[in-house]
Amino acid sequence: MMSGRDGEFRFNRRQFGLATSAAGLALSMPGYLRPAFAAGEDSAAVIAGKVSGLIIHNAKLGVMETPLTLLRQHKHTPKEILYSRFHFPHEGEAAWYDTIKAPDFPDWTITIDGLVARPRTVKAADLAGMEQVKRVSVLQCAGNGRAFYAAKQKVAGGQWHNGGMGNIEWEGVPFRPFLEAQKLLVSSGAKWITAHGWDHPATPEGSSFAKSYHIDDPALDNAILALKMNGEPIPAAHGGPVRLIIPGYYGNMNVKQINTILFEAEQSPSVYQSMGYRMPLVPVEPGKFGANDYTLTNSVPTYGHKIKSAIFSPLPEDKPGAGAVEITGVAFNDGRGPITRVEVSSDGGKTWTDAEIEAPESPWAWYHWKAKGTLAKGENTLISRATDSLGRSQPLDGLVWWNPRGYEWNGADHVKVTV
Amino acid sequence: MRRAILLWAVACLGLGLGRASADEITLPDGPGRDLVYARCQTCHDLGYLKESSGIPASAWKDILVTMYGFGLRIPDAEKAQIVTYLGTYLGPNPPPAAPAVSTADAAPSLNGGKLFEQNCSACHQKTGKGLPASFPPLAGNSDLFLDRLYPVHVVLNGLTGKIEVGGKTFNGTMPSFAHLDDARLAAILNYVRGAWGNAANAPAGMRPLAAVDVKGLRDQKQTPKEVHGLRASLLK
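Here the protein sequences line up with chains A and B, keeping their order.
Per my numbering, the very first residue in the first sequence carries number 220; after that it's consecutive.
Per my numbering, the very first residue in the second sequence carries number 79; after that it's consecutive.
The set of hints was computed from the structure by calculation and includes no laboratory data.
What you are looking at is a predicted structure, and each value in this text was computed from that prediction instead of being measured.
There could be a bad hint or two in this list.
Partial pick of chain B residues on the chain A-facing surface, computed with a CB cut under 10 Å [as the list claims (entries may be wrong)]:
| # | residue |
| --- | --- |
| 1 | C121 |
| 2 | P134 |
| 3 | V143 |
| 4 | Y146 |
| 5 | F194 |
| 6 | E195 |
| 7 | F248 |
Virtual Cβ for every residue (Gly too), placed ideally from N, Cα, C.
The following block holds chain A by itself, in its conformation from the complex (with noise of 0.2 Å):
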């Protein structure tokens, strides 16, 4: 199943026939409107290159989930299957990204500027003449699992399962030792890096997209400027000409298309760093804190993955019989720590197994992970819960980290298969 031949796509129309039937978006609708899910839209009309099948949460936007049945089949996820999310309509203008060719830009440039004595504009053709650098990482939309929260209190928004992630090659320039060779004089002042992408919203008075990192941030040492996903020059709907690949952080903060970069002494007064893609530093509870009570001082950014597991098999589709059973399946984290320990029931959580991981690609990238069990006729709930060398582990209800937004979702992975 986890064949682990990159690069070859399989794809079989039956099975995501399965994957996108009622079961699908219908844990997190109400029951009066659960099989609207149903809706015969076609990924592959909605981002040209991409397969049909993909689970659509804003054909506008093209925004769409892979399911986990053809996630699993790759070692790195093909741009094919791989998830989409966009914030603007990629319509007019942004029509050029609405594909999974690789953009044709060749006068493409990303000007440094800000709080720098010498601000510096650079060509991206320049940039492929430069040291390369590879990182194989996980990418995560900061709202995978949202659907999950539905079990305290529905959160609005695109209703993601597990499907909104991959893992990646990534290929290009080191960051710092870009920043450094512009000799650009950064002033003390500056506090913030802010990264601009080319896409903008549909309306003037929309707030543009931008990310911010602390200037100082650890993970920048490790961020490339993206030229090449899976060995390729990178997609227009995935990022490319160049995108700032943060290996460990969630996939908001990798902006796409980047075409300028700005040392400053605040945070961008972008929503989507101000206000969106934020978690509250405490527990919150529906009712008592809503989507717009974000401020900077009681919460934070989504940036780094939080410790996370999911089971790729069996899943329901696999429709497996009663007895021994192998559980597979991949976890990953922000890179910080290896994971050391994946647990395992097949029971419900009554008894638990360690599972075997395999050595992963890089710090960020998936482990693998296998685990032997039994199923039993009738329904049977698999967990998965990781665990790291920081000692940071998945807890068993995720819903403790319910919030308005729906973001980072890490609760124990739960999948319930009927023998």
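Given the coordinates of chain A, work out where chain B should sit on it, guided by the hints.
Frame of chain A, contents of chain B only:
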């Protein structure tokens, strides 16, 4: 799979939550629904509303504040109507049974200018000038007269694909407005054809639209792409 589709179809019939054409998401009928169609499709489609259905009314209220941050600019009275609609029809409780008569009042006000403002201005702007690169102008747009019925096809079915207006390229999606009745759509289009100096482009003898003209095309059910094809053929 067949079973899932069947269930879904049943739900759509029962609740009016389904799709008019392949890509069009429709919402349950109720007071305020048309305002949602008019104000909430400028920056994204209704997919986010559909997927968010079931959240409490207070969360819908929060959503409108969030949308202000994203650029939504509408009067407070409209916000209140929208929040009430969303809290009632896309809230945690099953919506009330569909009203016996459609929410369209018995004797609709047929002020085309007002109806345009309510339904079309979020994208085409009150001035009819549109927004560069996103929404084409209707002011000074001779396509309105490509033939007598062309704009009726557009408002009933929507339009998608690359078009050129006044030498500028647009490549967006206009949603269908088939939820508005025949008389209203005719009134809006007559207004658009007369406003902003457009009347000067009217070919001699082109009669104003009547409700029956809209009615005549309603059952034709084209996709937005097909309307794009029609537009191209009329331009030849």
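Consistency of the hints with the structure:
{"no.": "1", "hint": "C121", "in the structure": "4 Å, holds"}
{"no.": "2", "hint": "P134", "in the structure": "7 Å, holds"}
{"no.": "3", "hint": "V143", "in the structure": "5 Å, holds"}
{"no.": "4", "hint": "Y146", "in the structure": "9 Å, holds"}
{"no.": "5", "hint": "F194", "in the structure": "18 Å, violated"}
{"no.": "6", "hint": "E195", "in the structure": "16 Å, violated"}
{"no.": "7", "hint": "F248", "in the structure": "6 Å, holds"}
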